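Residue numbers (my numbering), protein chains in the order written: chain A, 1 to 162; chain B, 1 to 456.
Treat the hints as calculated values from the structure; they're not laboratory data.
Keep in mind the model is a prediction, meaning the values are calculated, not measured.
Take these hints with a grain of salt, some might be off.
Straight-line C-alpha distance at most 20 Å; calculated EDC-like pairs for lysine to aspartate or glutamate [what the hints assert, rightly or not]:
no. : chain 1 : residue 1 : chain 2 : residue 2
1   : A       : K153      : A       : E104
2   : A       : K50       : B       : E440
3   : A       : K148      : B       : E452
4   : A       : K50       : B       : E452
5   : A       : K154      : A       : D49
6   : A       : K107      : A       : E121
7   : B       : K370      : A       : D37
8   : A       : K50       : A       : D141
9   : A       : K50       : B       : D434
10  : B       : K443      : A       : D51
11  : B       : K431      : A       : D37
12  : A       : K148      : A       : D52
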Amino acid sequence: MMLRVVGKRLLGAAAGGQASPALAPAARRGYHERVVDHYNNPRNVGTFDKDDPDVGTGLVGAPACGDVMKLQIRVDEGSGRVVDARFKTFGCGSAIASSSVASEWVKGKQMEEIVAIKNTEIAKHLSLPPVKLHCSMLAEDAIKAAVKDYEAKKVKLAKADE
Amino acid sequence: MALSRRLLPLFLRRGGGVARGPCSPAPARALSTAAAPAEVVEEESITVKGVRISGRPLYMDMQATTPVDPRVLDAMLPFYISSYGNPHSRTHLYGWESDAAVESARARVASLVGADPREIFFTSGATECNNIAVKGVMRFYRDRRRHVITTQTEHKCVLDSCRYLQQEGFEVTYLPVRSDGLVDLAQLEHAIRPDTGLVSVMAVNNEIGVVQPLEEIGRICKEKGVPFHTDAAQALGKIPIDVNRMGIGLMSLSGHKIYGPKGVGALYLRRRPRIRVEPQMSGGGQERGIRSGTVPTPLVVGFGAACEIAAQEMDYDHRRATALQHRLLDGIRAQVDDIVINGSMEHRYPGNLNLSFAYVEGESLLMGLKEVAVSSGSACTSASLEPSYVLRALGVEEDMAHTSIRFGIGRFTTEEEVDRAIELTVHQVKKLRDMSPLYEMAKAGIDLKSIEWSQH
Chain A
1 MMLRVVGKRL
11 LGAAAGGQAS
21 PALAPAARRG
31 YHERVVDHYN
41 NPRNVGTFDK
51 DDPDVGTGLV
61 GAPACGDVMK
71 LQIRVDEGSG
81 RVVDARFKTF
91 GCGSAIASSS
101 VASEWVKGKQ
111 MEEIVAIKNT
121 EIAKHLSLPP
131 VKLHCSMLAE
141 DAIKAAVKDY
151 EAKKVKLAKA
161 DE
Chain B
1 MALSRRLLPL
11 FLRRGGGVAR
21 GPCSPAPARA
31 LSTAAAPAEV
41 VEEESITVKG
51 VRISGRPLYM
61 DMQATTPVDP
71 RVLDAMLPFY
81 ISSYGNPHSR
91 THLYGWESDA
101 AVESARARVA
111 SLVGADPREI
121 FFTSGATECN
131 NIAVKGVMRF
141 YRDRRRHVIT
151 TQTEHKCVLD
161 SCRYLQQEGF
171 EVTYLPVRSD
181 GLVDLAQLEH
191 AIRPDTGLVS
201 VMAVNNEIGV
211 VQPLEEIGRI
221 CKEKGVPFHT
231 DAAQALGKIP
241 IDVNRMGIGL
251 MSLSGHKIYG
261 PKGVGALYLR
271 RRPRIRVEPQ
281 MSGGGQERGI
291 RSGTVPTPLV
301 VGFGAACEIA
311 AQEMDYDHRR
321 ATALQHRLLD
331 GIRAQVDDIV
341 INGSMEHRYP
351 GNLNLSFAYV
361 EGESLLMGLK
371 EVAVSSGSAC
381 TSASLEPSYV
391 LRALGVEEDM
401 AHTSIRFGIG
411 RFTTEEEVDR
421 AIELTVHQVK
431 KLRDMSPLYE
441 MAKAGIDLKS
451 IEWSQH
């Protein structure tokens with residue numbers, strides 16, 4: 001019996017290499033691959049000039065809470081489309097990933113579309129656990145704040161022209 | 001036959017636990033006994049919780065637990081293998097030799113702290129000792145003593161025991177600490193009342209490594225006639241402890257913080273004047289009725305061996321830890337600025353370095369430091385999203401409390417490990433500061449305190 005077990009174990013070791021991807025956990029507690037990916041390779045980290053009339057800046061959160069996100073969008077004036085985005089975040093891995101995802105998703109969309117981005121979509125994309133949902137909420141707030149800032153700027157510039 | 005079939009998945013799954021490269025060739029020669037050809041060794045990496053790390057991380061979390069010293073393990077093994085008797089069996093050799101080993105270990109623990117072996121009682125760990133000390137003392141003297149004094153930076157088991165007592169109707173004073181982590185002696189003296197039954201102040205703090213002035217506190221308590229309890233789990237074998245010089249009445253000790261086994265601890269209870277406690281474990285009256293339950297001989301022997309080794313090597317370990325701590329601190333400071341050390345540097349156990357990196361959040365830093373095992377006082381790493389209560393008690397601003405990392409240096413930490421930890425930490429801190437809006441604003445000269453943040 002032992003010989004059979006040992007034999008099966010050796011064969012099992014041969015099959016183990018192929019079996020491992022199937023066993024790789026995505027649903028276990030801990031970071032989702034996408035969160036780790038965004039952390040290791042963050043997209044769109046950087047800054048636009050705040051005073052640039054095409055740029056809307058959203059700064060949300062508070063250091064006391066441990067989460068601060070700054071999301072900036074560059075909007076093409078003619079089409080109202082977001083052409084580029086940059087973000088900077090002080091926060092946990094999930095917060096960084098949420099804002100990184102937000103900065104990716106806003107690119108190439110209309111402003112009406114991006115204010116419709118819901119935190120639940122971001123959370124689902126990253127498989128955020130319930131305790132981290134507020135990170136995605138903050139990302140949604142950041143998008144809205146950026147849009148609001150851009151609109152306010154446009155109004156101010158229009159008034160200055162009058 | 002059926003057994004092998006049930007065992008089969010166990011063997012298969014174990015092989016699949018370690019992630020191999022995507023193109024690892026199935027070793028078709030698995031059953032061959034001829035010498036295998038030289039293989040290209042792919043880098044073995046481990047993927048756990050979605051994170052991929054190459055090899056095992058450097059262990060720099062000595063305050064959480066310590067590796068068992070090989071000499072301790074050597075002392076323990078015979079008591080698992082051949083001398084496995086119950087020390088309370090009075091009728092045969094197994095019991096007698098087990099009992100002799102327990103008493104010998106008791107003497108070793110006692111000598112490390114300057115106590116009599118009859119004053120040492122073995123338990124399952126420092127948490128149990130703290131429970132016995134706090135609840136046991138107060139319940140024993142419940143008629144005359146109704147007040148407990150402790151500090152805000154105590155270990156959770158002490159604070160929770162005090163809270164439990166509050167529910168039973170006792171009063172508790174949680175003394176604040178100064179910004180360097182030390183308790184204010186004048187405040188302590190002032191807080192003692194005629195009905196104070198216990199003063200509990202930990203010797204070395206587990207989070208920030210600050211060493212409290214035990215002699216002065218002991219002197220104050222002796223003058224006022226109040227028992228002094230100290231949680232010395234982090235202090236044992238690291239700083240010299242003398243229960244008589246320090247006027248200690250009760251003391252909690254832990255095995256797994258001094259390179260001993262997990263699951264064992266010891267409570268020191270003074271005999272002159274005798275401190276009485278109400279036992280928390282009912283049973284056969286082992287350990288002089290203080291703690292019933294079979295004394296786990298191998299664990300206790302391990303604890304005794306660890307104490308003996310600590311007595312011999314305490315000075316050397318201390319000097320070595322100091323040198324490594326300086327190396328770590330200087331190495332990080334040379335490359336990164338805006339660092340704060342949490343807790344006093346003078347009254348500190350050198351093996352504990354708790355640093356806050358401004359403008360960088362602790363959990364995200366830890367996420368990138370998976371090759372170094374450290375811990376943080378950040379909210380995200382605790383289940384409740386609250387930053388560490390110890391750091392808050394120091395008066396650390398909430399945003400800085402989120403950024404702290406605790407490095408633990410121990411007997412087996414090497415210079416290479418420290419250098420690599422420096423390298424990894426500096427790299428991550430720089431990367432996260434590039435990503436941080438707060439760093440950007442601070443560098444631009446904006447005062448972060450003047451901004452009105454939009455919280456939700």
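Verify the proposed pairing of K50 of chain A with E440 of chain B, using a straight-line Cα cut of 20 Å. Between K50 of chain A and E440 of chain B the Cα gap is close to 13 Å, so the pair holds against 20 Å.
Take a quick look at whether K148 of chain A and E452 of chain B sit within 20 Å of each other, Cα to Cα. Between K148 of chain A and E452 of chain B the Cα gap is close to 17 Å, so the pair holds against 20 Å.
Is the hinted pair K153 of chain A and E104 of chain A satisfied, with a Cα-Cα distance of at most 20 Å? Status violated; Cα separation ~23 Å.
Taken at face value, is the distance from the CA of E121 of chain A to the CA of K107 of chain A at most 20 Å? holds, 16 Å
Satisfaction of hint between D49 of chain A and K154 of chain A, Cα-Cα up to 20 Å: Distance of about 16 Å is within 20 Å: holds.
Mind checking the alpha carbons of K443 of chain B and D51 of chain A for me, to see if they're no more than 20 Å apart? holds, 18 Å
Is the hinted pair K370 of chain B and D37 of chain A satisfied, with a Cα-Cα distance of at most 20 Å? holds, 14 Å
Against the 20 Å threshold, does the CA-CA distance of K50 of chain A and E452 of chain B hold or violate the hint? At roughly 18 Å apart (the allowed maximum being 20 Å), E452 of chain B and K50 of chain A satisfy the hint.
Check whether the Cα positions of K50 of chain A and D434 of chain B lie no farther apart than 20 Å. holds, 17 Å
Would you check the hint for K148 of chain A and D52 of chain A, treating anything up to 20 Å between C-alpha atoms as holding? OK: K148 of chain A and D52 of chain A at ~15 Å, within 20 Å.
Straight-line alpha-carbon gap K50 of chain A to D141 of chain A, limit 20 Å: holds, 18 Å
Proposed proximity, D37 of chain A with K431 of chain B (alpha carbon, max 20 Å): Within the cut-off at roughly 15 Å; holds.
The structure does not agree with numbered hint 1 stated previously, though it agrees with all others.
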